[in-house]
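A.B. asks: Please model the complete structure; the sequences and the hints are all you need to start from.
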Amino acid sequence: MKSAQTMLGLMLLAACLAAAPVRAGDTPDPAPPAPPCDVPAYLLASESSLPKVTDAVKANQPLNVLVVGSRSSTIQGNEASAYPAELQAALKEAFPSATIDLSVELQGKSTAEETAGTLVKLVEAKKPTLVIWQTGTVDAMRAVDPDEFRTAINDGVVALRGAGTDVVLVNLQYSPRTETMISAPPYLDNMKVVAQQHDVPLFDRFAIMKQWSDAGYFDLFSTSHGVDLAKKVHACLGRALAKFVIDAAHLGPVQQN
Amino acid sequence: MSSIADPIAGAPAADAKAEAKSDTRSEARAKAAAPAITLPATGERELRLDLFRGLALWLIFIDHLPTNLLTWLTIRNYGFSDATEIFIFISGYTAAFVYGRAMLEGGFVIATARILRRVWQIYVAHVFLFTIFLAEISYVATSFENPLYSEEMGIMDFLKQPDVTIVQALLLRFRPVNMDVLPLYIVLMLFLPLILWLMKWKPDVTLGLSVVLYALTWQFDLYLSAYPNGFWAFNPFAWQLLFVFGAWCALGGARRMSRILSSNITMWICIVYLVAAFFVTLTWYVPQLGHIMPKLIEQWMYPINKTDLDVLRFAHFLALAALTVRFLPRDWPGLKSPWLRPLILCGQHSLEIFCLGVFLAFAGHFVLAEVSGGAALHALISVCGILIMCGMAWIISWYKHSADKGASKKGAAGNADMAGGGA
Numbered sequence: 001m002k003s004a005q006t007m008l009g010l011m012l013l014a015a016c017l018a019a020a021p022v023r024a025g026d027t028p029d030p031a032p033p034a035p036p037c038d039v040p041a042y043l044l045a046s047e048s049s050l051p052k053v054t055d056a057v058k059a060n061q062p063l064n065v066l067v068v069g070s071r072s073s074t075i076q077g078n079e080a081s082a083y084p085a086e087l088q089a090a091l092k093e094a095f096p097s098a099t100i101d102l103s104v105e106l107q108g109k110s111t112a113e114e115t116a117g118t119l120v121k122l123v124e125a126k127k128p129t130l131v132i133w134q135t136g137t138v139d140a141m142r143a144v145d146p147d148e149f150r151t152a153i154n155d156g157v158v159a160l161r162g163a164g165t166d167v168v169l170v171n172l173q174y175s176p177r178t179e180t181m182i183s184a185p186p187y188l189d190n191m192k193v194v195a196q197q198h199d200v201p202l203f204d205r206f207a208i209m210k211q212w213s214d215a216g217y218f219d220l221f222s223t224s225h226g227v228d229l230a231k232k233v234h235a236c237l238g239r240a241l242a243k244f245v246i247d248a249a250h251l252g253p254v255q256q257n
Numbered sequence: 001m002s003s004i005a006d007p008i009a010g011a012p013a014a015d016a017k018a019e020a021k022s023d024t025r026s027e028a029r030a031k032a033a034a035p036a037i038t039l040p041a042t043g044e045r046e047l048r049l050d051l052f053r054g055l056a057l058w059l060i061f062i063d064h065l066p067t068n069l070l071t072w073l074t075i076r077n078y079g080f081s082d083a084t085e086i087f088i089f090i091s092g093y094t095a096a097f098v099y100g101r102a103m104l105e106g107g108f109v110i111a112t113a114r115i116l117r118r119v120w121q122i123y124v125a126h127v128f129l130f131t132i133f134l135a136e137i138s139y140v141a142t143s144f145e146n147p148l149y150s151e152e153m154g155i156m157d158f159l160k161q162p163d164v165t166i167v168q169a170l171l172l173r174f175r176p177v178n179m180d181v182l183p184l185y186i187v188l189m190l191f192l193p194l195i196l197w198l199m200k201w202k203p204d205v206t207l208g209l210s211v212v213l214y215a216l217t218w219q220f221d222l223y224l225s226a227y228p229n230g231f232w233a234f235n236p237f238a239w240q241l242l243f244v245f246g247a248w249c250a251l252g253g254a255r256r257m258s259r260i261l262s263s264n265i266t267m268w269i270c271i272v273y274l275v276a277a278f279f280v281t282l283t284w285y286v287p288q289l290g291h292i293m294p295k296l297i298e299q300w301m302y303p304i305n306k307t308d309l310d311v312l313r314f315a316h317f318l319a320l321a322a323l324t325v326r327f328l329p330r331d332w333p334g335l336k337s338p339w340l341r342p343l344i345l346c347g348q349h350s351l352e353i354f355c356l357g358v359f360l361a362f363a364g365h366f367v368l369a370e371v372s373g374g375a376a377l378h379a380l381i382s383v384c385g386i387l388i389m390c391g392m393a394w395i396i397s398w399y400k401h402s403a404d405k406g407a408s409k410k411g412a413a414g415n416a417d418m419a420g421g422g423a
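Protein chains in written order, with my numbering: chain A, 1 to 257; chain B, 1 to 423.
None of these hints come from the bench; they were simulated from the model.
Please note that the accuracy of each hint is not assured.
Pairwise CB distance ranges (calculated) [to be verified]:
1) B:N77 <-> A:G226: 51 to 61 Å
2) B:A379 <-> A:S103: 22 to 32 Å
3) B:V211 <-> A:A125: 47 to 57 Å
4) A:G226 <-> B:E370: 11 to 21 Å
5) A:A215 <-> B:G391: 32 to 42 Å
Everything numeric in this text was worked out from a predicted model, so none of it was measured.
A virtual CB, placed ideally from N, CA and C, is assigned to each residue, including glycine.
C.D. replies: Okay, structure coming up:
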């Protein structure tokens, strides 16, 4: 009787021990619950297309993405959590069979004009399929003439297209604490204008972050010195950007096999 | 299609206006005997100007706050132009009205001296606002270090060189966001003696010169540089057009245009333009409508340049002004109603209330940043700000009419007060 109980106990214990690793094996690295950072569909829809990206993915060729940006394209000391890395992860998730290469070119203090001059060389060196050009912040902080800014964006986009890559523009961050110091609207408007003129998809980071702030997903006014908020926002931005790219390249779940 | 009904509807208002204008004209003639320019008679205040300047001040305040419910009431959401146009135009109008009289009665030197005193007042007000701004951002710089915004925080770098920054601010070359209107106004007022002197000679030629300068600005990209880099957010070379146009209207231009203003063709052109502008603006806020806009028009029209006072903005303001003058006669009884009193009071003390509005906008930003509140708090802050502005306007007018009564015999100063202190 007693030995039977012991046996049962041992068996139960063994079963538990055996079951535990199995359950863990079902879902490797359980992903942290996704922060609620939905983006309204219109902010992620673009009428423009990314033909090179479409072709590369459909032909099962490696997708080579180059992110050119300023300091808001990274989190100092936590580059792996910044939006470019999140974008790469999200793209890999969407196209498990494709090779997604991604490199980041940070030009912390360059205006759009200065960056535009380096783009062709960068493309020659890295041969990207897609260049994601995040810009505007440095120009807004230095109050560069919006007309010159527009010309610079225009030249950059033309150069990139000429070098044979697709382009996505990414605009400024929504930064409520510095709203009284940095005048973003002229730069946002001019990026929109160039995007329209050249049919370039524009990822409206500003509007998206503002939407998150208004909806209460993130407290962008926070005085916290921690890196947590930055990581969460970048994770959401990376995922939204991936959705945006996939949508603009017409690689929605239907087309993809 | 409405050509039969329109003359009947349009005529009385236009007639009344023309009559009022010609009355004042003959009086001024008798008084000043100036052949080129005419001034309305003393004694009657143009309440419409106060009303709309007060409105412009409220709207500028709301526009300076973060977007909230009340922002949807501001005119920039319904067309190209915004409150700045109204403010600068009315400022030109009243400044010419007050100092034009001074120039006719006291001569060029006296008028210039009084204008310069006014410029000094505006300058001091600007420096005062800058001090408050400096306090605010110093606070943000020391207490806010979010890694998400490490790049944007670079804007505080100028605090590392306070000597240079402060001197540049005194030179009007370093201007924080939302503090661009007063420097523009200072520059425009500095040139007012010249403008008035030319107007006294030939008003139409002066306006023509102003248009030429505006065209040259667009052609040759004239601008004033700012510190540490960049340019003036309101280009005085372009915005002078509105100011001079205001002055021209004040000195008899409005009267001479009354025939054009009362014509139905003008009215319909204005209405069509305003409606078209409204639909264009609608596509900014309802992006789903974006694809309705023909690409060609978009490419021709955008960007609508605020810095250089885009022609589309100027035309939009003209259309608004033309319809306002047509449908709101100067003797409209509503102007005396207590409901519009707060607006008119604010418009009558525009410099003080403008500065207060800029300060309240800073304060509002600050409160919103410290207290995380929803849309209701945003709206509450806007409403409180407007109430404070009205209260202050009431106190100022109480000072002028009661507290300061008998302190000094106001002769010339009374005139400046007439037109909202000329501001």
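A.B. asks: Each hint should be assessed against the structure and marked as holding or not.
C.D. replies: Status of each hint after checking the structure:
no.	hint	in the structure
1	B:N77 <-> A:G226: 51 to 61 Å	violated, 37 Å
2	B:A379 <-> A:S103: 22 to 32 Å	violated, 46 Å
3	B:V211 <-> A:A125: 47 to 57 Å	holds, 51 Å
4	A:G226 <-> B:E370: 11 to 21 Å	holds, 19 Å
5	A:A215 <-> B:G391: 32 to 42 Å	holds, 35 Å
Hints 1 and 2 from the earlier list are contradicted by this structure; the remaining hints agree with it.
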